[in-house]
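Asker: The residues making up each chain are set out below.
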Amino acid sequence: MLNWIDQRTGFVTMAKDFLREDIPGGASYWYVFGSATLFAMILQIATGIFLTFFYAPSASTAWESTQAIYQNPFQHFVLSMHYWGSSAMIALVFLHLLQVVVWGAYKSPREIQWIVGVLLLLVTMVLGLTGYLLPWDMNAYFASQVAINLTLTVPVVGTFIQTFAQDGTTLGTLTINRFFGLHVWLMPAALVALVAAHLAIFRHNGPAGPPVEDPRPLKPGRFWPDQVFMDTFVSFLIFAIIIGLSFIAPPFLDAKADPTQSQFVPYPAWYFLDLFGLLNLVPGQFEIVGAIIIPGIATTILVLLPWIDRSTTRTFGSRKPILWMLTVSMAIILGLTFWSQAGIQAKEAASPYKPVDATTITAAAPAAAPAAGAAAAPAAIDGAKIFSTNCSSCHGATGQGMPGTFPPLAGNPVVQGDIKKLTGIVTDGLHGKIMVKGQSYDGMMPAWKGTLKPAEIDAVVTYIRTLK
Amino acid sequence: MSNDHRGPSAYDDPGTPEEITRRTFMANATLTLGGIIGLGLAIPIVGSLLPKTGTGGGTWTALDAAGWKELQASTDKPVKIDFVLTGKDAYLPEASSPESVWGVKVDLEKFKAKRPDVYQVKGGEVPYPAVNMGFAIFSPICPHLGCRFNYDDSAGKFLCPCHGSQFTAIGEHTAGPADRGLDPLPLREQNGKAQITWIRYAPTVPDRIVVSYMS
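Chains as they are written, first to last, in our numbering: chain R, 1 to 468; chain S, 1001 to 1215.
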């Protein structure tokens, strides 16, 4: 049977060729980092593809569809796996890179394989950055705003890069479209192409082997099944950790992005904390140093490493300067990371902003309610439209309100109470601190009499009384 | 892979000189046609990605009356004034959202001396009076990286929660990473109502550059 297929496709021979590979010095758990990273990438692609089934990229649907994902246990779990998978992938890319540097595995003839690897690191970080905006909650908005605006420090073309990145002069719905396209198509396509090149070159050069004077006389071991088993075993462990974390610590969705919020302390993903710390170290007028120059120099050094490391062998003894450089760089990166984390935590503790768990905001399907109650239908449909255009940006799409600022309408005794008083508030506005169900709110309710006709105010009042 | 079932190869015979020139032509033509396809795809795709960057025309938006009254009654402490900004985010339907600006009562001569930068945008002067009726209106967006700052009463300063930029009550930059002082917005009075024009300036850069007049 296999023979019959092989004669017509050549696939069996191809698979055998693929699995027959000598491993210098025998299979080892030291060689699992590359394949573990590949596993994390496959996991990200698998979960990511299905998240696009539920996510809708636009400013009026991004947060709402994410909230719906959070409210479906299975969809939420897929999202949690994607969230932890992204951290796993970045961590494994770093570990893989670290091992290659420690072992000097980038040396001739593996320079191009190394450069493709550095490109993969950059693409992975862009994937992390673009994915960060998509949920469109508070941190997604403000952290991305800061990251995008940093491109303005680039001389001459900074403004162009910034407007190009956000597709316009402000961060908005077009930015979500653009980041979505980058995150789900362009960057993954680049990632898969680069991984294919990385692996093809790897097979061409063969494994580098341990960092000894001359690895050639070492007794070789088998790729299949010895090394494949180790790779699979480690991938299984990583999968178990991701599953565990997805159960114990699923990601958090905050309130929908509110550009006017002035207390919020944005925080970057953990793998950007070192760059964040760098920005805080340099004075404002030298922002370009922290934002562009130092990261640029670091990337250049990384690309040129095979030519900077001039020793002829890969032994640790002959590569002391490079290993010292690596130790110092790692100390700086870790130091900046922990320092930034501590700084952000201190600022968050001091900020009056309190995150809202979006999963506790119940979407009571108000749009479906008027359709069910046929008698009230004409007025309610009209009111729903007026509500979504004029009121929902403060009081929320389902009338859930915004803590501390705009009171909820759903379940609000004033809304359910005297209709004359309610109409009066909508018509003439309301100022100053109010209390609703034991919570205080101090936002401003504008007077709508200049904007809406009395009949429209009546329709919207009728509508908000149906919110539950 | 075994190719045993195949006959002799076309590549075994180099061919006549005419065949060789013809093949050279076909190889070059293949590359050229492929290049044209690539270029024909690249031009519209790159064009489609270019952002719209026109600043548009400014419109006047009424400030909340209570906030305006509070500013008029104030001394030298900044007042946060709310208003409703109506605008469009690209293709989404027009929507209203709550916004706010900071207003402060200033002494015109002192203000001019302390904040000469307010009168300048890149390439010239601000096309509107930065102080009107004795008030300066500041955009609530931090000129550093676009966060929203607050006024700290006890310190008598504007503080930004993101990266710690600080500004005095009249918007002078005193500490933190920002590159310039707070940005002015035009103010006028029409039929007893105060109105402003909502302008966004490029953050981060030392120059004050208008990026959009949001309608």
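In short, the hints are calculated from the structure, not lab data.
It should be emphasised that the depicted structure is a prediction, and the values quoted were computed from it without experimental measurement.
Yeah, the Cβ is synthetic: ideal placement off N, Cα and C, and Gly gets one too.
There could be a bad hint or two in this list.
Facing chain S, from chain R, some residues (calculated, C-beta under 10 Å) [to be verified]:
id, residue
1, L174
2, T312
3, T405
Asker: Looking at the structure, which of the earlier hints fail to hold?
Answerer: 2
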